[in-house]
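Using the sequences and the hints, build the whole thing.
Order-wise, the sequence lines are chains H and W.
Quick note: the first sequence uses the working numbering, first residue 1, plus one each step.
Quick note: the second sequence uses the working numbering, first residue 1, plus one each step.
It is worth saying that the hints were derived from the structure and are not from the lab.
These figures come from a predicted structure and were not determined experimentally.
Errors might be hidden in some of the hints.
Footprint (simulated), chain H over chain W, 3 or more residues, beta carbon under 8 Å [what the hints assert, rightly or not]:
(1) 8-14
(2) 66-77
(3) 170-178
Over the 10 Å line for every Cβ pair with chain H, so calculated as not near, a few chain W residues [to be verified]:
(4) E43
(5) D50
(6) D92
(7) V128
(8) N201
(9) P204
(10) H210
(11) L217
(12) A218
Think of the CB as a built atom: it goes at the ideal place given N, C-alpha and C, for glycine as much as any other residue.
What follows is the residue order along each chain.
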Amino acid sequence: MLYLLLIFFPIAMAASAFVLRKNSGMAISVALGAVITMMLIAAQIPLDDPTRFLGVTLTLNALNRMFMLLFLALAGFAIVGAWHLPHGENFVPTALLMLSEVCAVLLLQNPFITTLLLAVTGLSAVLAIVDLPAGTSSLVGTRAIAAALKYMVLMVLSATLMYIAFVLTDIFRPGELPGRLSLSHFILALLAVSFALRLALIPFHAWLIDLMEHAEPLVVALVITLLNTSSLLVLLLAFQSFPTLLIDNEGPLAVMRIGSLLSAVLGAGLSLGAGSLRRALGYLILYDCGMVFYGLASVSSLGLAGAVFGALNQTLAVLLLLVSLSLLERPDGRPPGVLRRDLLRRWPVAGAGLLAGGLALIGIPPLGGAMSRLLIYQAAAEKGWIELLALLAATLLAGLGLARAAHERLLGPSEDEAAPEPLMLGETELDRPAPRRLAPEPRSAAALTLILLLICLSIGLYPGPLLATIDGAIRELAFIRAL
Amino acid sequence: MQINWFLIGIGVTATVVLLFRDWRLTFPALLLNYISLAFFLAEQQFVAPDLILLGQMSTLVLVKLITGVAVTLILTLTALTFSREYGLENLDEFGLSELRRAARTAQRQRASQPFQLGDYVVPFWAGVLALFASTALPWIYAIAPTPAADFAWYWLLLTGVLTIATASDMLKIGLGLLLCASGVDTLYTAVVSTPNASGLNVIPLALLSHVHILLALAIAYLSGLLYGRLKTLELNELYKR
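Below you can see the structure in the form of structure tokens.
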């Protein structure tokens, strides 16, 4: 019953929020109540206690519960952020719908169903991408429509490849049908391409950059934190369900590692030459996706722990980055149309959030990403020093990319200080207009940014409890024991 | 050698979707494709018959038919209502003038682009390529229990991908995606129902139909948005502005 409640309750609340969508405050309150209730339900579900429903097994393990609670918390943060940050009319109901689908992905253990649910999450995200604020007087941007179309096509193709791979695993028997391309190689290739599409690894990354440039940051945050990370957990489930795929596939796994290395290096390199802040952040996220996928493709307990920790850090860092970006892009009371370079001075909390989010993504201590990077570097060192050097080079490039973006947009001198002009003849101080007072950051969004920043910092300073949970969950995985 | 008319139906209707651009031709072809596929699955007897409707058939066939009708209805209703204007009451003068400009541009473009045989050359050769591949692959890399089923899913998937690759408007992309989904649907039904597989389950089958319908809704929504914005479904206009 609790399992079904986690799946169907948010759908019912999404319908309510849709009815209330014109009243943004009410819709946000309803959604927040729903998210808190879901967290309570998720905490009540006993671990590793499978139940059957219509021939399908539903269960929740420690790792999935940790991510489910994280997703719910992050969705709650995003919904609170919507109070002051720009978002579409249907953002709140779509977020609840996506939460329901992601909960179903984490609860259901059937690869066919999880694949189809991932496809459905992609279609739900399309609604949010082209959404306009209620009562807006402008037209939806053509680039936003193009980004939504690209996202939809790539997600459906990804689901198609994934589904074919899972159908093949259903009839795969090791050692069968000699003389043709090994079915296990073929399945692994299909899985690699489909997850590369979902996780936006280069060269399948175009959708992420388009979304970063043309969609609202809160929507992009939900797509990356909820949908991409749940895809990663599905890949872990696939490895867990079909460990034979990994045992005789040393060559293809090496190709996957090299592919993710290239993705990390190219993503970091492209962030150096990005023409806009949004693009630079998009490439930094690509770099991080490459690093996380590398950890997964290393198929070692160290690499997997690093990948899972990295995925967790990515969800937090990306939300922090995008909430901060959304704050930085608000009209700031100064003349529009000027590229500002003093954003840290103008919006100190948002500027600090953006810097901290970027540093967490790159894995600089004492922020949350440092531990995951350490584990991934160790896993790379086990595979050879060339791979380790490539990862370190990617991190260096990403650091330079972030430094360039910060130098160009955040750390410039204040542009508000006008030189005091002498009084003109006959003019008194009282004749002059009052000095301009720029509005500070909205309190709720600034508090949200600070909370996320503190969470990133505390995970970086005290990674032990999380690492122990992740390590325990990784050791339970059958394929790790088999390898 | 016995002719499998349903397989030919799948082949011909997918070819019409790949070759033609007018939705008045491609939507009926899509509906016929769903019908041919449903009867092909019934004929191949991947699932035991449990219904008596026009002879013995399984519920699965009925589900596929309902899905096909729903998908085609969604797309057809969307195409029929393109001429209507929605949500103009909130637009400011700039938005309205942009819409007028878009309508003029689309009208000019339609007038200056008469029927050209050259537009069909790439889809035609793509179809030939798909035909060769779909005929060869069941022998080179057989996956489904029968060559006919293998041909059906390879053909649907390849024509779907090539329709997307050669599409010049948004509806065509949607049709390509739906053909891909049909290909996967066929593969799942054919392969997982074999004795050495895990067996068909009602939830994945229901979700597959659900995905078809949601996909049609998403395509209809995006097409409506694009047409409302640019008064055309041409993709080159989408990237031009």
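Structure-based check of each hint:
1. Here's how the segment 8-14 of chain W fares: 0 of its residues keep a CB closer than 8 Å to some CB of chain H, so the rule of at least three is not met and the hint is violated.
2. Remark: the segment 66-77 of chain W is not confirmed as covered by chain H, as 0 of its residues place a Cβ nearer than 8 Å to a Cβ of that chain, below the required three.
3. Evaluation of the coverage hint for the segment 170-178 of chain W: fulfilled, as 3 residues show C-beta separations to chain H shorter than 8 Å, against a requirement of three.
4. With a closest Cβ-Cβ approach of about 21 Å to chain H, E43 (chain W) is found to remain outside the 10 Å limit, as its non-interface label requires.
5. Every beta carbon of chain H lies more than 10 Å from that of D50 (chain W), the smallest distance being close to 16 Å; the non-interface claim holds.
6. At roughly 4 Å from the closest C-beta of chain H, the C-beta of D92 (chain W) falls inside 10 Å, breaking its exclusion from the interface.
7. With a closest Cβ-Cβ approach of about 22 Å to chain H, V128 (chain W) is found to remain outside the 10 Å limit, as its non-interface label requires.
8. At roughly 5 Å, the least C-beta separation between N201 (chain W) and chain H is not larger than 10 Å, which violates its mark as non-interface.
9. With a cut of 10 Å on Cβ distances, P204 (chain W) falls inside the contact zone with chain H, its closest approach being about 4 Å.
10. A beta-carbon of chain H is positioned within 10 Å of the beta-carbon of H210 (chain W); the least distance is around 7 Å.
11. Residue-level check failed: L217 (chain W) sits 8 Å from the nearest beta carbon of chain H, not beyond 10 Å.
12. A Cβ of chain H approaches the Cβ of A218 (chain W) within 10 Å, the least distance being about 5 Å, so the stated non-interface status is violated.
In terms of the numbered hints stated before, the structure departs from hints 1, 2, 6, 8, 9, 10, 11, 12, listed from lowest to highest.
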